[in-house]
Amino acid sequence: MHFIKLRRIWYAVSLAVILPGLISLMVRGLNLGIDFTGGNILEIRYEQEVPVEKVREVVAAQGLEASRGIQKSGGATYLIRTRHLAQEEQDKLMAALGSLGRYQVLRNEAVGPTIGRELTQKALLALAIASVLMVIYITVRFEFKQAVAAIIALLHDALVVTGVFSLFRLEVDSAFVAAILTILGYSINDTIVIFDRIRENMLSRKKGESLEDLVNASIWQTLTRSINTVLTVVFVLVALYFLGGSTIRNFVLAILIGVISGAYSSICNASPLWVDFKLLERRSGTREARA
Amino acid sequence: MKWEKLLILALVVLLVGLAAAASFAPIWEQSPFLGKYLPLIKHVNLGLDLQGGVHVVLEAKDTPEVKVTDESMKQLKAVIERRVNQFGVAEPVIQQQGKNRLIVEIAGGNIDPEEAVRSLIKTAYLEFKTEDGQTVVTGADLKDAIESKDAVSGEVRVDLTFNPAGAKKFADATAANVGRRIGIYLDGELIQNPVVKEPIPNGKAQITGYQSLEEAHTVAVLLRSGALPVKVEVAEKRAVGPALGSDSLDKSKRAGIVGVVAILIFMAVYYRLPGLVADFALLIYALIVLAIYVAMHVTMTLPGIAAFLLSLGIAVDANVLIFERLKEELLVGKSLRAAIDAGFKRAFVAIFDSNATTLIAAIVLYFFGTGPIRGFAVTLSIGILTSMFTAITVTRWLLHLVAGSGLVKNIKAYGAGVM
Numbered sequence: 001m002h003f004i005k006l007r008r009i010w011y012a013v014s015l016a017v018i019l020p021g022l023i024s025l026m027v028r029g030l031n032l033g034i035d036f037t038g039g040n041i042l043e044i045r046y047e048q049e050v051p052v053e054k055v056r057e058v059v060a061a062q063g064l065e066a067s068r069g070i071q072k073s074g075g076a077t078y079l080i081r082t083r084h085l086a087q088e089e090q091d092k093l094m095a096a097l098g099s100l101g102r103y104q105v106l107r108n109e110a111v112g113p114t115i116g117r118e119l120t121q122k123a124l125l126a127l128a129i130a131s132v133l134m135v136i137y138i139t140v141r142f143e144f145k146q147a148v149a150a151i152i153a154l155l156h157d158a159l160v161v162t163g164v165f166s167l168f169r170l171e172v173d174s175a176f177v178a179a180i181l182t183i184l185g186y187s188i189n190d191t192i193v194i195f196d197r198i199r200e201n202m203l204s205r206k207k208g209e210s211l212e213d214l215v216n217a218s219i220w221q222t223l224t225r226s227i228n229t230v231l232t233v234v235f236v237l238v239a240l241y242f243l244g245g246s247t248i249r250n251f252v253l254a255i256l257i258g259v260i261s262g263a264y265s266s267i268c269n270a271s272p273l274w275v276d277f278k279l280l281e282r283r284s285g286t287r288e289a290r291a
Numbered sequence: 001m002k003w004e005k006l007l008i009l010a011l012v013v014l015l016v017g018l019a020a021a022a023s024f025a026p027i028w029e030q031s032p033f034l035g036k037y038l039p040l041i042k043h044v045n046l047g048l049d050l051q052g053g054v055h056v057v058l059e060a061k062d063t064p065e066v067k068v069t070d071e072s073m074k075q076l077k078a079v080i081e082r083r084v085n086q087f088g089v090a091e092p093v094i095q096q097q098g099k100n101r102l103i104v105e106i107a108g109g110n111i112d113p114e115e116a117v118r119s120l121i122k123t124a125y126l127e128f129k130t131e132d133g134q135t136v137v138t139g140a141d142l143k144d145a146i147e148s149k150d151a152v153s154g155e156v157r158v159d160l161t162f163n164p165a166g167a168k169k170f171a172d173a174t175a176a177n178v179g180r181r182i183g184i185y186l187d188g189e190l191i192q193n194p195v196v197k198e199p200i201p202n203g204k205a206q207i208t209g210y211q212s213l214e215e216a217h218t219v220a221v222l223l224r225s226g227a228l229p230v231k232v233e234v235a236e237k238r239a240v241g242p243a244l245g246s247d248s249l250d251k252s253k254r255a256g257i258v259g260v261v262a263i264l265i266f267m268a269v270y271y272r273l274p275g276l277v278a279d280f281a282l283l284i285y286a287l288i289v290l291a292i293y294v295a296m297h298v299t300m301t302l303p304g305i306a307a308f309l310l311s312l313g314i315a316v317d318a319n320v321l322i323f324e325r326l327k328e329e330l331l332v333g334k335s336l337r338a339a340i341d342a343g344f345k346r347a348f349v350a351i352f353d354s355n356a357t358t359l360i361a362a363i364v365l366y367f368f369g370t371g372p373i374r375g376f377a378v379t380l381s382i383g384i385l386t387s388m389f390t391a392i393t394v395t396r397w398l399l400h401l402v403a404g405s406g407l408v409k410n411i412k413a414y415g416a417g418v419m
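Respectively, the protein sequence lines represent chains A and B. If you're matching positions, the first sequence starts at 1 in our numbering and goes up one per residue. If you're matching positions, the second sequence starts at 1 in our numbering and goes up one per residue.
Just so you know, not all the hints are guaranteed correct.
To be verified - Straight-line Cα separation of at most 20 Å, EDC-like style, residue types lysine to aspartate or glutamate; simulated pairs:
#, chain 1, residue 1, chain 2, residue 2
1, B, K231, B, E65
2, B, K122, A, D91
3, A, K122, B, E59
4, B, K231, A, E49
5, A, K92, B, D132
6, B, K99, B, D70
7, A, K5, A, D276
8, A, K145, A, E49
9, B, K99, A, E118
10, A, K92, B, E115
11, B, K345, A, E281
12, B, K61, A, E88
13, A, K92, B, E215
14, B, K231, B, D353
15, A, K145, B, D353
16, B, K168, B, E215
17, B, K231, A, E200
18, A, K92, B, D353
Stated by the list, open to error - Far from chain A by the CB rule (all over 10 Å, computed), these chain B residues:
#, residue
19, L14
20, A19
21, T130
22, R180
23, Q192
24, R238
25, A361
These aren't lab readings, by the way, just hints derived from the structure by calculation. What you are looking at is a predicted structure, and each value in this text was computed from that prediction instead of being measured. Cβ atoms here follow ideal geometry from the backbone N, Cα and C, with glycine treated the same way.
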């Protein structure tokens, strides 16, 4: 299999994966959690089972049309989401819930609307800063065109993960931003290993060896490593996903999708794109020479 | 076989085994001396998502009367610090964020997070007012406030002691108001309205009428810590109950063990002898990282555990890169020794560049995030740096030792010919 000659297919596969998510993103957006929108999450566990309708009644009686519903998760555990409540409102709600029976507070989170707005800005800023720093690093250690190709591959991974989260209405919180940054770190790691091989092979490039063949050979030489590394990370992530508890499930899922997408984009997008950039440069170069 | 090298190898395995036992195994818990320090893992700080606790962001608000200034923020922080210290939990975090916010983190299963937050944001502005509405003394004039319960009558009260200036003001006011009432207000609410029977020169007063000693204690703490200088609101609150915390800890531990065992088996099966060496290096890596966590007082959070497990992946990756190179060098026909050195040398550039970019992401994450996410960034960074170290020093040394001992000579065992 020649990775570079088949690159149109890889690009098409990437687009096929990204497009549905992208459309969903534009049409429906993301299912933003309270970290972004502001709001309250109260997770409680009753000592005895309480019917979900009762809980709903009590919440409604507080004048709180639980904006995103009430979720029952196993036994007598309830997740109650509401708009952002002031401390007194929370106290009243918690007292009212006590009328249904004794319960234990597992989690109580309240995020004011200003915090949410700031988080969005900070998240975008963090992503931008990380990308710029990576471009600088790769430009210094490799070359600018490779930096651009690597960043496009990263954008690919970010879009795949965000798209999947939008398509399946998975909740996006501040941990999601951390997941995206981790994915960028991982994916670029894969890309760099291949670029490193290309850099090395360029030094001992035989006369007449085409760029396509050289890059293809580099990808093949690093392929086992790429697959094995992803596999080891996937082992851990799958274990965390199934056994790690619900609190970090979405976080782990995001990284899992991202790591797999990252391995794909490193092999099938970053290096082929760089080849395209190089060929483009050569073509425009000859045109200039003619003129 | 070279017995000398073999002996060193056996010694290393024994030492690492001992270190591992000292770090993770609860076998010395009974011992009075060692039990205090071992196993090392119990000294890792747990974040509030793993042991329960509360993270609050308090926002100071301008009011028509009081504006938020740097000075008032400083006072606010001091007051909040005094209040938090009353909870008696280890290492609470109180830090200012931006111009008008305070982050407070209180970890520990023994406090009621809701109650804690409630008592943090109480203004606790105490005033003594005469009948014509004149303020005589305020909480700022207090020297001390102590709750007590009368052994005979069972009456619960808070005893107030004014500082000298306050005592003077209080003495003058009581002298001028004998037979009239002086109201005691807390946060503008009248809590008691006693009649002054005689002048009180000693600077002492009481508030009575509490239901329980706990209630009185809360008020006494608030009064002792002083009133908040500005209006404060809760901008963000994340409270985790101890049940959820320990549940998360148990589950992620179990998941971690399963994931790690899978990695170990995979490495040994796929890379054979070097895989076993890498597994051993991974154990050393885990021990070093644990020691760093303890030495640097790293707070372990739920995302932090995920980061640690991910960093195992990074550590393995460095080894994979090296072994793939080693295989290639062996296939070219180099001697084992030369192949190991060449493999490491050529793999190092890739390891360095790829980890540097991951580190960039982790550092940006550190500055972007707070709380658990910051813990994630710290653990990831420690992991990246340590894995670089162990992969290129420990694994290399071990491989040389194994190769030098002559224990295994067949290069197939080093992966050549596999795949």
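Cross-check of the supplied hints:
no.: 1; hint: B/K231 with B/E65; verdict: holds, 10 Å
no.: 2; hint: B/K122 with A/D91; verdict: holds, 14 Å
no.: 3; hint: A/K122 with B/E59; verdict: holds, 18 Å
no.: 4; hint: B/K231 with A/E49; verdict: violated, 41 Å
no.: 5; hint: A/K92 with B/D132; verdict: violated, 36 Å
no.: 6; hint: B/K99 with B/D70; verdict: holds, 7 Å
no.: 7; hint: A/K5 with A/D276; verdict: holds, 11 Å
no.: 8; hint: A/K145 with A/E49; verdict: violated, 61 Å
no.: 9; hint: B/K99 with A/E118; verdict: holds, 14 Å
no.: 10; hint: A/K92 with B/E115; verdict: holds, 13 Å
no.: 11; hint: B/K345 with A/E281; verdict: violated, 33 Å
no.: 12; hint: B/K61 with A/E88; verdict: holds, 17 Å
no.: 13; hint: A/K92 with B/E215; verdict: holds, 19 Å
no.: 14; hint: B/K231 with B/D353; verdict: violated, 50 Å
no.: 15; hint: A/K145 with B/D353; verdict: holds, 17 Å
no.: 16; hint: B/K168 with B/E215; verdict: violated, 29 Å
no.: 17; hint: B/K231 with A/E200; verdict: violated, 63 Å
no.: 18; hint: A/K92 with B/D353; verdict: violated, 55 Å
no.: 19; hint: L14; verdict: holds, 27 Å
no.: 20; hint: A19; verdict: holds, 23 Å
no.: 21; hint: T130; verdict: holds, 31 Å
no.: 22; hint: R180; verdict: holds, 35 Å
no.: 23; hint: Q192; verdict: holds, 23 Å
no.: 24; hint: R238; verdict: violated, 5 Å
no.: 25; hint: A361; verdict: violated, 3 Å
In this structure, the earlier hints numbered 4, 5, 8, 11, 14, 16, 17, 18, 24, 25 are contradicted, and the remaining ones agree with it.
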